[in-house]
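4 protein chains.
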Amino acid sequence: MSYSTFGKYFRVTTWGESHGKAIGAVIDGCRPGIELSEEYIQKELDRRKPGQSSIVTPRKEEDKVEILSGVFEGKTTGTPISLIIYNRDVDSSKYEKIKSLIRPGHAMFTYMKKYGIYDYRGGGRASARETAMRVAAAAIAKKILAEKSIKVTAYVKEVGGIAAKKIDYAEIQKNPVNCPDKEAAKKIEKAILKARGEGDSLGGIVEVVAENVPAGLGDPVFDKLEATIAQALMSIPAVKGVEIGAGFQSARMKGSQSNDAFAKKGNKIITVTNNAGGILGGISNGMPILARVAVKPTSSILKEQETVDVSGKKQTIRVEGRHDPCVAIRAVPVVEAMMILALADAMMKQEMVSRS
Amino acid sequence: MSYSTFGKYFRVTTWGESHGKAIGAVIDGCRPGIELSEEYIQKELDRRKPGQSSIVTPRKEEDKVEILSGVFEGKTTGTPISLIIYNRDVDSSKYEKIKSLIRPGHAMFTYMKKYGIYDYRGGGRASARETAMRVAAAAIAKKILAEKSIKVTAYVKEVGGIAAKKIDYAEIQKNPVNCPDKEAAKKIEKAILKARGEGDSLGGIVEVVAENVPAGLGDPVFDKLEATIAQALMSIPAVKGVEIGAGFQSARMKGSQSNDAFAKKGNKIITVTNNAGGILGGISNGMPILARVAVKPTSSILKEQETVDVSGKKQTIRVEGRHDPCVAIRAVPVVEAMMILALADAMMKQEMVSRS
Amino acid sequence: MSYSTFGKYFRVTTWGESHGKAIGAVIDGCRPGIELSEEYIQKELDRRKPGQSSIVTPRKEEDKVEILSGVFEGKTTGTPISLIIYNRDVDSSKYEKIKSLIRPGHAMFTYMKKYGIYDYRGGGRASARETAMRVAAAAIAKKILAEKSIKVTAYVKEVGGIAAKKIDYAEIQKNPVNCPDKEAAKKIEKAILKARGEGDSLGGIVEVVAENVPAGLGDPVFDKLEATIAQALMSIPAVKGVEIGAGFQSARMKGSQSNDAFAKKGNKIITVTNNAGGILGGISNGMPILARVAVKPTSSILKEQETVDVSGKKQTIRVEGRHDPCVAIRAVPVVEAMMILALADAMMKQEMVSRS
Amino acid sequence: MSYSTFGKYFRVTTWGESHGKAIGAVIDGCRPGIELSEEYIQKELDRRKPGQSSIVTPRKEEDKVEILSGVFEGKTTGTPISLIIYNRDVDSSKYEKIKSLIRPGHAMFTYMKKYGIYDYRGGGRASARETAMRVAAAAIAKKILAEKSIKVTAYVKEVGGIAAKKIDYAEIQKNPVNCPDKEAAKKIEKAILKARGEGDSLGGIVEVVAENVPAGLGDPVFDKLEATIAQALMSIPAVKGVEIGAGFQSARMKGSQSNDAFAKKGNKIITVTNNAGGILGGISNGMPILARVAVKPTSSILKEQETVDVSGKKQTIRVEGRHDPCVAIRAVPVVEAMMILALADAMMKQEMVSRS
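Residue numbers (the working numbering), protein chains in the order written: chain A, 1 to 356; chain B, 357 to 712; chain C, 713 to 1068; chain D, 1069 to 1424.
Hints listed in this document are in silico derivations from the structure and should not be mistaken for laboratory results.
Model, not experiment: these values are computed from the prediction.
Fair warning: there could be bad hints in the mix.
[Stated by the list, open to error] Stretch by stretch, here's where chain A covers chain D in the computed footprint (C-beta under 8 Å, at least three residues): (1) 1098-1108; (2) 1254-1263.
[As the list claims (entries may be wrong)] Not the full set, but computed from the structure, chain B residues with beta-carbon under 10 Å of chain D: (3) 361; (4) 365; (5) 387; (6) 429; (7) 430; (8) 434; (9) 555; (10) 577; (11) 705.
Don't be surprised by glycine CBs; every beta carbon is placed ideally from N, CA and C.
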């Protein structure tokens, strides 16, 4: 079964397995008349390409994206945009020998339970490779947000207990761990290399900020903007927690601390603090939207682990393959992508409200 | 605009404002042949009824639920079930005098921005009163889960920094703060009374456990079970964070710690620990599903706060009305309800997969 | 189960059985700021009220509609609008004695097969009474269409083989058969009375015209405007056929006859004929949208019919109750309502396209 | 914008333009464990391949379908199935010279109005080529129906006023016009050749029968099985009318004629006649489902027609390209496909109902 569509208005459907013929996406719901080229999407994709540094997986994905439909003479036509990336650098041999072992922390067990069949080569649909298509789709949505000057930025906030102390956007792409604090970045890199040396992996926290989001996005009840963002971010592989604004910290505050006081700034009513993370009652209030996600450590590790095989017999497992020692780093552009897709969807919906 | 429907298969649509004529829900997607009475739903509702103790709002809602359709001779017919509760104990006078002041931490500002019109009496759709209908709808869904012995339990884990040290389900309903630890409950009650005495409010953490959930629920990509649960829980008023299993703690773990080892127990493959919170790769693995939500302190407080009026002029505000000093306590049955609705929906979907 | 929602953007969910406590609708997706009163909706409903003439069912439904939510100080707030009509003039005694007989041409058999349970009193959800809520919901949608001067008119085109020869809108509401041709109306009335005298019923054709629909509504593939209209109209009880423009007649034409030539009229490009019924390639072309539906004769008739009982034993049946001898007449406001709802939905969707 | 998805449970999304790089479909909602090969889908596709006879368009589409995902070791995995056909035999030159002329009866005008941009080469999304993907998707759905012995058969019932007098399924694929009556087939072929000789085209009627459909499919109100089928069939290019069972003929019947008497046959309750076309109250009754569609004549004809250009200036047009003189014939496998997709969707939904 398995519906694989995000968004009710700006709809993205992804398909494809990491070790199959190709992966792809159909973007249905993009407005006509938007300039779009393969080069532009490629550039966005290249930001997440593995093999860029010593600490991310050495798999050399070419990730060469092609636009197959929905664009005519350089502009979107309003019909579905089909994107495809053929899988070229695929090596499934490592998976052959562990194919009957249940991999701890991995989707393989639950896929078998759900479907009764499992493509044991790589992660199938659960592979981080699927997220390339989210980034590609978000590259298109980004153009719609840009019309309103909305800008979304994600970065590594913490890895292995080492937290960024300052947020300097200019630093993010300068270091291999996507961290906005130069000093923290160095320590994080070291910690990751150490974990890899031990055949182990590290978890982390990614933060994302959306600036210039107009007030009024999101709905009052089940489709609160927080709820949509939570679904979007929690759908990223390895994410186990999402918080908005002060998040879990607000559980330890008093109302008089947690409430953001309103004030006037120029012609605009703003809040002095932003514990709400830009959302009140499920609807954006015009302040920056702020969210954080917890990313668990990569489950595929070299270190020997206890497990059972599919028959239930006790076994040990070491997962070779090519795996990132810290998926939080690779998650950065994906977190950005999912926030973009959530906002684009909410914006399209709001256009129906505000039309009258 | 404002779509107010949760669930794709077991669909719940709520309607109604806290100070309007009535609130209600349409449950569309319930199977035929399930026994259902007003008395049964009423009993579930009474658990969340305010006015039950000294520390929750004294508003005396009668909350008398009526079933208007979809039930014939005591059984569901498979057609939409319409539920209604008339609003009887409504006093809007307190809101009259603050109707032009923007209330800190409250939905009023964003509703005005979104819709250009706002029912200033009470919280409108943003009121906790709307959640009565979620509980009523979940009472029905609960019967479907019970067929598979699935049991969902929520409780207060922490309030004002005071955390439950042990989990004894039998205690939860014995104390006014829905806490599974008798000692912690007493301290929490005291802390809440103190905060109320200061015209202030407290935040808290609610935990929810779903037992006997079969492996195989949830989908691989955007509709991961974690993502659906996150949306469900984050749609509860005042919730600002959601985590599954080890959640944010997993961001500080190594893979070798975070991965739950598989083992055989009887005929079943289980995991020895449950850092995954019962979900791997977005699909339930047969272990208990475990989630926590952060609930911010009630925004409506008596304490004087800085704000502006709708024209942007500086003002101070004290919100009188009848408000809980800690909404986390009232959130307990709602957290339970949303987890139930999320699971019922996932279960109905899985029935299509496993049918063949 | 049974989802009971029409529309993806302007969503109408109806609930309630003809012999239950009440019927109702939730309209979710209406813009804020639209003037709305119970009186206005009541007036629209009164057009379809039975008991208005000698040839429609004498059941005296009060059909007194109440607005329970979504309207504040006379205007829509953008939140769900809940409508309710309590069932007052309900007499289920006639159904008691035939409750085990399978009624020819009636939904009772298939409901039993689908749900295994059946509210034998009246038609349950299949009753024409459910359509009152479609008319009430369309009364709201009508206001949105009116902003663009769109006007929808339905009328009886043919009954018992007697066809209207001319279309004079002014006549429609002057005669009891909703026919735009005075002379045909008289003949039709006579034919219906004759059929009723024989314990029988008649079928008919209803035509509907939507004027001033802008070009551009509808989608290229599965959601062609024709397809949406076909679904909308075919969902009306007793409808067995739908055609657009020349419809079935176009199957007997040549391309050179069927193609509508384009021409310029003032500043607008129009077509000289309208065989397309205002829709080309699934998208409105600016010409009037024209559709016709075939309504089968009322299935509940006094005349004795062969059937079986639920055990399969041969029986005869005479259905007493209170039934219209020609439902096509009662269908007129419902056809209008469903066309209005289909267009309102398409219009809201187009607002997302044309926004940029 | 343009959502291009059919089905709520067995979902098919098509993408691609007739003169673009490729066309494709994503089938999301297919159960795991179903045998599936490219060869099998290809065989189904070849039935609709043009260039098979003298009376259908000579364009030599290779229509070589590839499966890109969702199948592992010859079986569906439960994840999205991506299908692609590259466009190879594309000649857009003929369209260059008429690109500013508005083509009568064609989607080009309305696309321009809707999107403000138009791929003038071929029909774009409106091209019959898009329907290849519907046939490919239905080939998969067919396997699900086959598990319940459901069999769907479509054929040409009438072309240019020449109707089939008998229904012999064995004849359908033996003649180039897909007609179940040998004699009628010959006359129809002659009529089509004559029309083509005159630079003109013919309309026709296609009938479709679904056998062994279990009772209980479809929903009571807006999603009546008739309504879903109507939407499905009306979404086929050039279809302007849909009728179920006796259809428009039932508008001329009396209730005592139109009602199908119930009787017992073996252990089953059946109806003696089938005016209802297998559907009562929107739900299947176990009798064969019977529908007919009216297909208008091909709009692209060689014969000179009056029109205007995009500026509104009077012009004449002759459409060269490669066009079928009677699209009703090409529509046969597409009508079959859409009926299959509608039934597969209804069947999946019913699995949730009947599960308890």
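Each hint tested on the structure:
no. : hint      : in the structure
1   : 1098-1108 : holds (count 4)
2   : 1254-1263 : violated (count 0)
3   : 361       : 14 Å, violated
4   : 365       : 6 Å, holds
5   : 387       : 5 Å, holds
6   : 429       : 17 Å, violated
7   : 430       : 16 Å, violated
8   : 434       : 6 Å, holds
9   : 555       : 50 Å, violated
10  : 577       : 9 Å, holds
11  : 705       : 8 Å, holds
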